[in-house]
Amino acid sequence: MSVSGDSLWITMREKGYSRREFMQFCSFAAATIGLGVQGKAEVAKAFEQKQRPPVVWLHFQECTCCSESFIRGSHPIVADILLDSISLDYTETLMAASGHQAEKSLADTIKKYAGKYILLVEGSVPTGADGVYCVIGGRSAAQILEEAAKDAAAIVAWGNCASYGCVQAAKPNPTGATPIQELVGKPVIQVPGCPPIADVMVGVITHILLFGRPPELDSRGRPKEFYSRRVHDTCYRRPYYDAGLFVESFDDDHARKGYCLYEMGCRGPVTYNACAVTRWNDHTSYPIQSGHPCIGCSEKGFWDDGPFYRHLPSFPGFPIEATADTIGAALGVGVAIGVGAHAITTNIRKRPVIQETQAESVSEPTDKKKVD
Amino acid sequence: MSTRIVVDPVTRIEGHLRIEAVVENGVVTDAFSAGTMVRGIEKILKGRDPRDAWAFVERVCGVCTGIHALASVRAVEDALKITVPPNAELVRNLMYGTLSVHDHVVHFYHLHALDWVDVASVLKANPVETSKIAQSLSRWPKSNPGHFAAVQQRIKKHVESGQLGIFANGYWGNKAYKLPPEVNLLAVSHYLDALEWQKEIVKIHAIFGGKNPHPNYLVGGVPCSFNLEEVNAINTERLNHVGSLIKDAIEFVEQVYIPDLLAIASFYKDWGAIGGGLENYLSYGDMPTRGYNDPSSFFLPRGAILGRNLNEVHDVNPRDLDEIKEYIPHSWYKYAEGDQVGLHPWKGETEFNYTGPKPPYEHLNVEGKYSWIKTPRWKEHAMEVGPLSRMLIAYAKGHTDVKDLVGTVLGKLNVPVTALFSTLGRTAARGIETQLLVHEMKATFDKLISNLKNNERRTFNPDSWEPSSWPAQADGVGMAEAPRGALAHWIKIKDKAIDNYQLVVPSTWNASPRDAKGQRSAYEASLIGTPVSNPDQPLEIIRTIHSFDPCLACAVHLYDPSGKQIHQVQVN
Chain U
10 MSVSGDSLWI TMREKGYSRR EFMQFCSFAA ATIGLGVQGK AEVAKAFEQK QRPPVVWLHF
70 QECTCCSESF IRGSHPIVAD ILLDSISLDY TETLMAASGH QAEKSLADTI KKYAGKYILL
130 VEGSVPTGAD GVYCVIGGRS AAQILEEAAK DAAAIVAWGN CASYGCVQAA KPNPTGATPI
190 QELVGKPVIQ VPGCPPIADV MVGVITHILL FGRPPELDSR GRPKEFYSRR VHDTCYRRPY
250 YDAGLFVESF DDDHARKGYC LYEMGCRGPV TYNACAVTRW NDHTSYPIQS GHPCIGCSEK
310 GFWDDGPFYR HLPSFPGFPI EATADTIGAA LGVGVAIGVG AHAITTNIRK RPVIQETQAE
370 SVSEPTDKKK VD
Chain W
37 MSTRIVVDPV TRIEGHLRIE AVVENGVVTD AFSAGTMVRG IEKILKGRDP RDAWAFVERV
97 CGVCTGIHAL ASVRAVEDAL KITVPPNAEL VRNLMYGTLS VHDHVVHFYH LHALDWVDVA
157 SVLKANPVET SKIAQSLSRW PKSNPGHFAA VQQRIKKHVE SGQLGIFANG YWGNKAYKLP
217 PEVNLLAVSH YLDALEWQKE IVKIHAIFGG KNPHPNYLVG GVPCSFNLEE VNAINTERLN
277 HVGSLIKDAI EFVEQVYIPD LLAIASFYKD WGAIGGGLEN YLSYGDMPTR GYNDPSSFFL
337 PRGAILGRNL NEVHDVNPRD LDEIKEYIPH SWYKYAEGDQ VGLHPWKGET EFNYTGPKPP
397 YEHLNVEGKY SWIKTPRWKE HAMEVGPLSR MLIAYAKGHT DVKDLVGTVL GKLNVPVTAL
457 FSTLGRTAAR GIETQLLVHE MKATFDKLIS NLKNNERRTF NPDSWEPSSW PAQADGVGMA
517 EAPRGALAHW IKIKDKAIDN YQLVVPSTWN ASPRDAKGQR SAYEASLIGT PVSNPDQPLE
577 IIRTIHSFDP CLACAVHLYD PSGKQIHQVQ VN
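One line per chain: the protein sequences are U and W, in this order.
Residue numbering for the first sequence follows our numbering, beginning at 10 and increasing consecutively.
Residue numbering for the second sequence follows our numbering, beginning at 37 and increasing consecutively.
Source of the hints: derived by calculation from the structure; they are not laboratory data.
Glycine residues also receive a C-beta, built at the ideal position from the N, C-alpha and C atoms.
Each statement offered as a hint is correct.
Taking beta-carbon pairs under 10 Å as the criterion, some of the chain W residues facing chain U (in silico):
1. Ala124
2. Leu150
3. Leu200
4. Gly201
5. Leu228
6. Glu232
7. Gly246
8. Asn263
9. Tyr397
10. His399
Covered, in the sense of this in silico footprint (three residues per stretch, anywhere, with C-beta under 8 Å from a C-beta of chain W), are these stretches of chain U:
11. 82 to 89
12. 94 to 104
13. 136 to 150
14. 295 to 307
Given only the sequences and the hints, what does the whole structure look like? Please build it.
Listed below in structure tokens is the structure:
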């Protein structure tokens, strides 16, 4: 990509940031994408290079929550990405041009940067009825995708729609909503979630820019640095699960103490995502922290895995070391081990410990208060 | 001479929309609006647990995220006769305010501003003059000459890189752009500031609903719990965070958004007479203060205005089977009783019947069916919905705060009240509403603190949570005022499951095709009379369409009066 343009470092310097601040930023960015402190130099080097890779962002059957999530990115902020890191040549959400001028931007990028541009796809592609369920500029989503995917250097499927079809693919999938992986015939980086976490999206893009290659993927095409752990295994409420202390009704006494939401239907035990670690909106919270069970929005077919508030009748009591692959395989063949066994026999021994600790720290009587 | 232009897609909106219109002698004389994407979510909901519906329908829109969830939980609660605790109402109102304020600011700067602001002109600005203008408008701290010089330099580098990214192929230099370079620089600078700020206010959604976009909602209340003796619940730290975010929002709206809106509008007063369109306005109202079943308590009032008569506000009853009906003469659906009948949403049907051309196609047959959007009517009237409708109805009902704010804006711009019925009026009303809502968020937050002080901390009503407590059949309607206008969900519950679920969303009202009588809906009507100075760059059409803040991506076609194509202008 022989394009001119200042590096992030020069831009930051011009904005009044010191070298020290730049290096701090690199350090933060490195930590975000899981490189740790030793990655700082590599990150800094990448941000000092003069190049803004062309990026095309397509929208099909979607609700634009992925785009909205992307602009919530906090490190780096999206203005810096758009002006300094990439050249976002086509995105219906933000681009100034409309109509033919917009289509020209798309066509120009695909042609001029053949084999070099990054293709980001938000939304599923309806394959029913010759594609009439999603038409842009007179062309079906499938036709647009085929053309844009052909010469893309890398393809990213944003969110559950592009990765798995999401809500429109839920039964009976009236429009034939199809994940893009099934249509493009080449590897796709799957970044599921409804939407994915902003800083995860930013992390995926940044990873490609920094290292010149896609992040390491698991067998389902998901970046391991964000999707290698179940929400359950990283949840700060996990000790309550292990101790068998559960919320039994919303806003009950246990809810007000932040106990485990498993019995309220929490899908954390079968959901791979970074929610409990990276958290949402600049580390502010995540669903379980706010008091609502995880609905498993980064998992394939989660919409048909309901009702959401019925607790998992059983789920494999895999140890924390289990990988996405083993869980996925096990779920695929319907293997199930009673959760009761896990919760009651394995870890119930921890319960007195937590209760004792609470008794020491909380002066209120131990008999349960009636819920208001 | 009449001209037909193809502009496809119109960007800076949500979803996929297509408009076809006629331009004669530099003015739009007819237009057709078409939604070109459908997912069939209503069909997917059938048979599911009503308590799950909010999550499905929330995914209708990720821009106005949460509002469909709110309408949905209200619909289910209405059907099952559930009332939510006072704190749940307050939290929902805070989340509502967060959404609207965020959405309106992002619309103004990131979806609409580039229709009025020429980015290329920024390079010609004198940053010192921009600084003087900025300081005359507000006390926003980032107003020194150095700041604006840095922004200008940044844009310059961007342009010189040859990679224009999101600014590529814009309508820069079009004579319809009227702002001096210094004001363009101010606006672009605040475009970047707003982009950075918008990620902050939505943290209120994350605190109460776990994430944004798509925070969690709950039938019967809200999922969060308050506990001032617990780190694992909404405690003082979390509340402080919310309070700070509201304070910052008031500051941003009053020191950046509103001053910019007024400054930019003062150069485009002629747009106070363009794009008016329909003369009927509808609002369901929102922000209940004494429960959803008492619309008289709503901070944003309910009602309808016909023929721009601000002296009379009509009552609206979405439960009345004769008031709201959806028609499909120009929509790709079929009804069991034929395409000419109108169906109240409780009796609504969603059966696809695509009759358009097979893609790739150049044109739709606007004589027949041409959209995936149905055509709703209130008492057979086409209605405009959105911030303008809400502010007009509040104004007509004598809402003191609204009257004051509207008066201030009209006075500062020195335009008559009739200027509200326009493209400029829609954009101004959105700003007025934002200012109204940030202060109402503060008042709502104060009430919440007061409740907690009085040991009122309930957030959930468990009485009808269990399906075993439900009647065999129940009907409900959940109304809300989405950022883009009146939204309602109608639900029929049978044997513990959803039997029918119908949504009539704001863009259904505004973007729908004409009805069987030929009455245009809001987009189509508003484009009539819109000037088009350069048919290669239909900037003015986009201004008016964007003034509605469309919730779907769109394409604009211009037809000659007979509907026959004269030529297709390729805009390069």
